Structure formats: C-alpha cells, structure tokens
Amino acid sequence: MNKLVVVIGLIVLFTIGVVLFSFYQTRTLEKETGIFKEQVQNKEAVTGQPQAILIPAHPEDFGMVVIDENNRPATQQEWDRLISEKVRELKSEATPETWQKIKEKINEDRKKTEDKLKQIDESIKKYKEILKQEPNNKEAREKIERLMMLKSIAGQLP
Amino acid sequence: MGTTIKVPDYNKNGTRDEFADFVLFGRDAVANYPSDQVVYIQNNGTVNIFPNQNLVGKKVIFVEGSSPGAGNVNIFFDGTWQEGEDLTVISTGGITYIEPLQYQEEARLSTISWDDYNEGSIFRSEHESVIYTHDDANFVDILEWGSTTGNVIANNAVTDHPSDPQKDGISMLELLTYEKIYYSDRAKNGDLPPGFKLLSGASGTPKLMDWQEVQ
Chain A
29 MNKLVVVIGL
39 IVLFTIGVVL
49 FSFYQTRTLE
59 KETGIFKEQV
69 QNKEAVTGQP
79 QAILIPAHPE
89 DFGMVVIDEN
99 NRPATQQEWD
109 RLISEKVREL
119 KSEATPETWQ
129 KIKEKINEDR
139 KKTEDKLKQI
149 DESIKKYKEI
159 LKQEPNNKEA
169 REKIERLMML
179 KSIAGQLP
Chain B
201 MGTTIKVPDY
211 NKNGTRDEFA
221 DFVLFGRDAV
231 ANYPSDQVVY
241 IQNNGTVNIF
251 PNQNLVGKKV
261 IFVEGSSPGA
271 GNVNIFFDGT
281 WQEGEDLTVI
291 STGGITYIEP
301 LQYQEEARLS
311 TISWDDYNEG
321 SIFRSEHESV
331 IYTHDDANFV
341 DILEWGSTTG
351 NVIANNAVTD
361 HPSDPQKDGI
371 SMLELLTYEK
381 IYYSDRAKNG
391 DLPPGFKLLS
401 GASGTPKLMD
411 WQEVQ
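Chains as they are written, first to last, in my numbering: chain A, 29 to 186; chain B, 201 to 415.
Incorrect hints may have been included.
30 Å max Cα-Cα, derived DSSO-like pairs, lysine-lysine [what the hints assert, rightly or not]:
1) A:K129 / B:K258
2) A:K131 / A:K146
3) A:K129 / B:K259
4) A:K179 / A:K166
5) B:K212 / A:K114
6) B:K258 / A:K179
7) B:K259 / A:K131
8) B:K212 / A:K131
9) B:K212 / A:K119
Because the hints were derived from the structure by calculation, they are not lab data. From a predicted model like this one, the values you see are computed outputs, not experimental measurements.
Chain A with its partners taken away, still in its complex shape:
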C-alpha cells in the first residue's frame, strides 16, 4: 500500500515537473523571438463566422528583416548594409525590362539626385542636433531613420 502511495506521488511530481518545464520553455521562446507561441483562434470574428486557426509565420521565410526595438540600426552604415543586401536579391528577381524602367526613371537627373542627397545630409545633421538636446524626441529619431533609409536606397538603386 505504501509503495503504491510512493509511486502515485512520484507520478504526480513528475507531471508537475513536465508542466513547469514546458511553461518555462514557452516563455523563454517568446522572450527570445518575440513570437507568441499560442495559436490564435477567435470564435467571434468580424464576420461572425468561426475563424480558422492562425499560425504565426516566420518573417524571414518571406525575405523580411525584423529589427528589435532595442537594437535598431543607428548609423548610415548599418542601414546601408541591411538595404544593400536586399536590393541585391531583388535585382536578381526583377525582369531586365522592369529594371531598365527603374534605371531610366532614377537616372533622369543625376545632378538633381546629388543635390537631394546633400539636402538629406543637412536634414540628418539638423535632427541629430535636436536629438542631442531632446534624447526622447521620437519624431526626430524617426525622421533621421527615414532619411537614412532614403539615402541607402539612393546609394543602392542603379
């Protein structure tokens, strides 16, 4: 009888251990990847129809690049690296006709592009000064990012 109690006790303890370990693993995965493990099911969807189970995809499988909010590209070089790699991939996918069309539009006035790049540099300088004074100025930070992205695009497209 005592042996039976011990065996049952061990089974209960083992089950609790497995549940706790599985819970810990799930939370660690969510923390590391930002991907929530749970599958999403909404019974009362917009249409009022039972909704299918949605399984989150990995953005990388679709050529997307995810940037962690605490690890955003901070310099022009970092944006250039990210964008140049992707533009190279896209170049190989586009038809020669499409690429030619893009090339024509972009090279309409190289001098004008050079001028615009100078304007971008001046704007980046201006907003970096603002950010120095107001480190929490979200608008200034986002503005700098947009300008850096534009500069990268200008440098990578034909």
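Given the coordinates of chain A, assemble chain B onto it according to the supplied hints.
Structure of chain B alone, referenced to chain A:
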C-alpha cells in the same frame, strides 16, 4: 489619440477596447483568404518588407504587435512587383513606405495601420493604393515628385486638434517638390483592396470606411 470614426465593437464585448477590435479585424482579414495567400506575423519589433517573389500572389500581410503602436512595418520600393498584384499590409503599429516604384500596370499595394502612415521618396515615385491610418498620414520626405492613385484616409484629424483641424490628419510638410494624389474611389465600384471589405460600410452598419469626402 482621438479619431473621427471608432473601430466597431467587433468582439462584441460591449466595451470601448478599440485596439482589441482592430486586432480582431486584422486576424479576420487574414482568415478570409487561403493560407497560401496571406502572411500572419506576431512581432513587437519593426518588420522590414521588401516586396519580392516570395510575396507574389499574396493578398494580406498582418503584422500584429501585443500593444498599440507595436509591430511597425517599413515597406521598401516594389520594383519587382508584377502586373495585377493586389496586396494589403495591415499593422498594429505604424507603416513607413520608402520609395514606391510601381511601374507595373494594375499593381496595388494598400495599407491599414493603427499608428501613422509615413511616405518618403528620393526618386520619382508612383503607386496605386488605398491608405487607411487610424492616426495621421504624413507625406513628409518627398524629395522628388510622387503620385498616389487611390484614397488616403487619416482618421486622427479633428478630435485631436479641435482648434486646428488642419494640424494633422494628412500632412504634407517638408515636401521639396510635390505629391499628386489622384482620387480613385474603389469603394464605389466595389473594387476594394483585400481586407478593406471588412472596414467598408456596405453591410449597413457603421464601419471605418464610412468617411465623408472633403469637398
């Protein structure tokens, strides 16, 4: 954030939880298409999308963050897009569209975002789109002339700035050249981009797309 049109109570819980309703809308937009035509992403970071061959034929991409403003999206030029593409990107954060280069016939890339929509270009940009933002639409870094064919609906105009309704909503600050917007109401001819049907008021109940045209 104050909006002129509220997100309907999609989850029917009787409370003013607009964000939860918006999330439900996004999930439903995804669920309305076969799984090979959608991409559903849960992430609190910024997702950078480079429209490529992997996304050809997709109808909806929904980036869902766990809180309002999380799950931002950057979309970079879409020169490799093919004719007839019709994709809607939905985000619980903001959407930034950098250098739209849609030279293909009948190719559309529309957006629905909880936070701001921003657009910037350094070369001449063209795109056909319906843009819905629950916040402001900012065409602020247009360094070469650009054109958008479609609609821009920015839902954060009047109530946030009652004394100066022009202050936000759709802003076109720091344009070095100009942005032309060709009005094309796809709601009227029933040719709505993917996902927008759920926002449309066609069913009779008030929805997010029940806006009034500016005269």
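Hints, verified against the model:
1. A:K129 / B:K258: holds, 24 Å
2. A:K131 / A:K146: holds, 21 Å
3. A:K129 / B:K259: holds, 25 Å
4. A:K179 / A:K166: Roughly 20 Å separates the two Cα atoms, so the pair holds.
5. B:K212 / A:K114: violated, 43 Å
6. B:K258 / A:K179: Given that 30 Å is the threshold and the Cα spacing comes to 29 Å, the pair holds.
7. B:K259 / A:K131: OK: K259 of chain B and K131 of chain A at ~28 Å, within 30 Å.
8. B:K212 / A:K131: violated, 51 Å
9. B:K212 / A:K119: Violated. K212 of chain B to K119 of chain A sits at ~47 Å, over the 30 Å cutoff.
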